[in-house]
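Asker: Residue numbers (the numbering used here), protein chains in the order written: chain L, 1 to 161; chain U, 1 to 103.
Treat the hints as calculated values from the structure; they're not laboratory data.
Incorrect hints may appear among the rest.
[To be verified] If you want the footprint, here are the derived chain U segments under chain L, 3+ residues with CB under 8 angstroms: (1) 5-13; (2) 40-54; (3) 72-85.
[Stated by the list, open to error] Listed below are the simulated BS3-like cross-link pairs for lysine-lysine, each with C-alpha atoms no more than 27 angstroms apart in a straight line: (4) Lys50/L / Lys101/U; (5) Lys153/L / Lys94/L; (6) Lys71/L / Lys153/L; (7) Lys150/L / Lys69/L; (8) Lys153/L / Lys101/U; (9) Lys50/L / Lys92/U; (10) Lys32/U / Lys72/U; (11) Lys85/U / Lys153/L; (12) Lys94/L / Lys32/U.
Every residue, glycine too, gets a C-beta built ideally from N, C-alpha and C.
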Amino acid sequence: MTTTTGPHPTRRLILQGAASVALLGLGNLPFVPAYAAANDKYPEDAFKLKNEADAIKALYGKTAEPSDKIKLDAPEIAENGGVVPISVTTTLDKVTSISFLVAENPNALAASYRIADGTLPSVANRLKMAKTTNVTAIVEADGKLYSATKEVKVTVGGCGG
Amino acid sequence: MASSIRVRATTNGDITEVQTLIQHPMDTGLVKDAKGELIPAHFIQQLKFECNGKDVFVADWGTAVSKDPYVKFSFKGAKKSDDLKISWTDNKGGSDTITAKIS
């Protein structure tokens with residue numbers, strides 16, 4: 001048997017392994033991760049995340065800063081958490097995407113809209129809310145992320161009808 | 001069968017306002033039925049609005065969008081009697097399409 005000739009084969013294997021890891025590392029450098037919001041595909045993974053911050057990161061790959069140029073319109077109190085009318089309008093320029101997140105829903109990300117050139121940065125929709133929590137609107141404008149948050153009190157949750 | 005999509009698209013010459021109502025259960029997969037069995041998730045994942053060969057608005061939806069979803073948005077660059085094509089697909093492979101005239 002040639003494999004039992006002392007420590008050398010093992011050492012060579014380790015060295016080879018280290019070399020290929022180094023190569024892989026280098027090979028990965030030029031890649032820019034493609035985030036869901038940047039292409040046409042349905043961002044399935046982002047919708048499965050529980051946490052708000054994780055979902056924003058999966059969708060856009062960056063974090064948002066609060067902006068007073070976003071107007072988030074949501075009721076103070078929603079009697080029926082199954083149908084909460086929520087809309088957002090912004091005066092920010094070059095808006096490419098608007099997303100809605102509900103902090104304490106089973107999955108935070110509720111809806112994400114891609115805004116084409118020539119489409120106004122304004123969306124109205126109706127969302128489900130499990131309980132009283134914050135609703136956040138994320139606006140991507142000129143490559144940067146901005147957010148606005150509002151608490152909505154829910155008297156009857158939208159899960160379990 | 002009547003279409004699941006109801007749409008109203010009106011223009012004032014510059015801006016076209018689109019309001020859409022879709023009939024869909026939007027089941028989350030977390031709710032139990034009367035027998036205590038989980039109702040499997042069934043929800044629209046993507047909804048597209050296409051006008052003059054261009055996607056003007058694309059919605060990616062999760063289960064937190066209400067049953068029989070409603071969405072409103074506005075866009076520029078369309079004229080009266082232009083076609084607006086609306087299509088959705090859901091997580092079970094279901095889909096529907098309608099073409100509306102802008103009025």
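Asker: Taken at face value, is the distance from the CA of lysine 101/U to the CA of lysine 50/L at most 27 angstroms?
Answerer: Violated, at roughly 40 angstroms.
Asker: Would you say the stretch 5-13 of chain U counts as covered by chain L, given the rule of at least 3 residues with C-beta under 8 angstroms?
Answerer: violated (count 0)
Asker: Does the alpha-carbon distance linking lysine 150/L and lysine 69/L stay inside the 27 angstroms limit?
Answerer: Holds: lysine 150/L and lysine 69/L sit about 14 angstroms apart, inside 27 angstroms.
Asker: Need the status of pair lysine 153/L, lysine 101/U: alpha-carbon distance at most 27 angstroms?
Answerer: 39 angstroms, violated
Asker: With the threshold set at 27 angstroms, check whether the alpha-carbon distance from lysine 85/U to lysine 153/L stays at or below it.
Answerer: At roughly 37 angstroms apart (the allowed maximum being 27 angstroms), lysine 153/L and lysine 85/U break the hint.
Asker: Could you grab the alpha-carbon distance between lysine 71/L and lysine 153/L and see if it respects the 27 angstroms cut-off?
Answerer: 18 angstroms, holds
Asker: CA of lysine 32/U to CA of lysine 72/U, is that 27 angstroms or under?
Answerer: 31 angstroms, violated
Asker: Is the hinted pair lysine 50/L and lysine 92/U satisfied, with a Cα-Cα distance of at most 27 angstroms?
Answerer: 22 angstroms, holds
Asker: Can you tell me if the stretch 40-54 of chain U counts as covered by chain L, using C-beta to C-beta distances under 8 angstroms and a minimum of three residues?
Answerer: holds (count 3)
Asker: Mind checking, does the stretch 72-85 of chain U have 3 or more residues with a CB under 8 angstroms from chain L?
Answerer: Coverage by chain L holds here, the residue count being 6 at a Cβ distance below 8 angstroms.
Asker: Are lysine 94/L and lysine 32/U close enough, with their CA atoms no more than 27 angstroms apart?
Answerer: Violated. Lysine 94/L to lysine 32/U sits at ~43 angstroms, over the 27 angstroms cutoff.
Asker: Within 27 angstroms, alpha carbon to alpha carbon, are lysine 153/L and lysine 94/L?
Answerer: Given that 27 angstroms is the threshold and the Cα spacing comes to 32 angstroms, the pair is violated.
Checked against the numbered hints listed earlier, the structure breaks hints 1, 4, 5, 8, 10, 11, 12; every other hint is satisfied.
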